[in-house]
Structures are given as structure tokens and as C-alpha cells.
Amino acid sequence: MRSISKKVILAGSFCVGKTSLISRFVYSRFPFNYQTTLGVRIDKKAVELENTSINMIIWDIGGEQSQARVPESYYLGSSGVIYVFDLSRPSSFYNMAADIEFIRQKLPKAPIVIVGNKMDLLDERTLEEVKSILPLEPDFYTSAKAGANVENVFLKLAQAMINVSK
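In the working numbering, the protein residues as written are 1 to 166.
Each statement offered as a hint is correct.
Label pairs and their calculated CB-CB ranges: (1) Arg-29 / Arg-89: 22 to 28 Å; (2) Ala-146 / Gln-105: 32 to 38 Å; (3) Leu-49 / Gly-147: 18 to 24 Å; (4) Leu-127 / Glu-151: 19 to 25 Å; (5) Glu-129 / Phe-30: 22 to 28 Å; (6) Ser-165 / Glu-129: 36 to 42 Å; (7) Leu-121 / Asn-163: 30 to 36 Å; (8) Ser-73 / Leu-127: 34 to 40 Å; (9) Thr-126 / Glu-101: 25 to 31 Å; (10) Leu-134 / Pro-108: 21 to 27 Å.
Listed next, the in silico DMTMM-like pairs over lysine to aspartate or glutamate satisfying Cα-Cα at most 20 Å (straight line): (11) Lys-45 / Glu-151; (12) Lys-145 / Asp-123; (13) Lys-6 / Glu-151; (14) Lys-156 / Glu-137; (15) Lys-156 / Glu-48; (16) Lys-156 / Asp-139; (17) Lys-6 / Glu-48; (18) Lys-145 / Asp-43; (19) Lys-145 / Asp-120; (20) Lys-156 / Asp-43; (21) Lys-6 / Glu-50.
For the record, the hints were derived by calculation from the structure and aren't laboratory data. Think of the CB as a built atom: it goes at the ideal place given N, C-alpha and C, for glycine as much as any other residue.
Produce the entire structure from the sequences given, and follow the hints as far as they go.
And the structure:
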């Protein structure tokens with residue numbers, strides 16, 4: 001089995017659940033006490049796909065209203081991006097298209113997985129209403145609290161990074 005390391009960044013506005021998604025994926029738990037991420041926090045987890053062990057070095061970037069405000073050095077060496085927005089807070093997805101375009105310019109070869117988080121806060125009707133006004137269709141709707149689709153997000157990104165490195 002071959003082994004590779006890949007830097008992954010979680011980007012998005014503040015309070016969208018980036019840290020909670022990482023905590024659920026890496027440690028299988030949900031942090032009920034909210035703490036703002038200042039700067040960057042780094043975690044890691046290895047996943048196995050296609051006879052490859054991928055050591056995901058996960059950078060939890062402090063949230064900004066615009067990704068253009070994130071220090072350029074955070075993007076250096078990134079192989080993949082998870083862009084997170086909060087389904088219950090429209091202000092977190094108004095800049096989504098511009099943010100993703102900015103990230104694509106910085107990291108043209110890096111796959112980006114778009115995640116609408118906190119679906120547990122919406123009933124089915126409200127979720128459908130939110131879906132109708134989204135500027136882009138997310139790859140996944142998640143709940144870090146319930147663990148819904150969290151593993152799938154990271155596995156999809158891992159698979160995409162393997163495909164890019166072939």
C-alpha cells in the first residue's frame with residue numbers, strides 16, 4: 001500500500017461549523033462549547049482508498065466574511081479544499097460563488113467540495129426553501145452535530161485528490 005500526505009483546508013465564513021466537522025471526522029465527537037478559531041488549527045487523519053493511505057493534514061482556517069481576507073500563506077501547498085457554509089444563516093452563503101472562484105484562482109488544481117452544514121437546524125420545508133436560493137449546489141448537506149454525511153465529505157475529497165495525483 002502506498003502512502004501519501006495531502007494538505008486540506010476548510011474554508012468559509014465564521015461560525016459555519018468548520019471546526020465541528022473536523023472534530024466529528026477526526027475524533028468522532030461534536031464540541032458543544034463553541035470557540036472561535038483564531039488563525040489556523042491543524043489536525044490529521046489517515047484514510048485508506050484504492051490501496052492508498054492518505055494522511056490528511058487538515059487546516060481549520062479561522063472564518064472570514066471573504067476568502068480574500070485569509071492570509072495567502074494558508075493556501076500554500078494545499079491539495080484540496082472543503083468550503084463550508086451554514087444552511088441556517090444566509091449571510092454565510094451570499095459570497096460563496098466569489099469565494100470559490102477566489103480559491104480556484106489560488107489553487108487551480110485542487111478539488112473543492114462544497115458543504116452546506118447544520119441541516120439539523122432546519123425542517124424539511126425550510127431546507128427546500130434554502131436550497132432554492134443557494135448560489136451554487138453543494139456536494140453535501142451535513143450535520144456535524146448528528147454526524148450526517150461528514151465522513152462522506154472527507155472521503156470524496158480524498159478520492160478527488162487521489163485522482164488528481166494520478
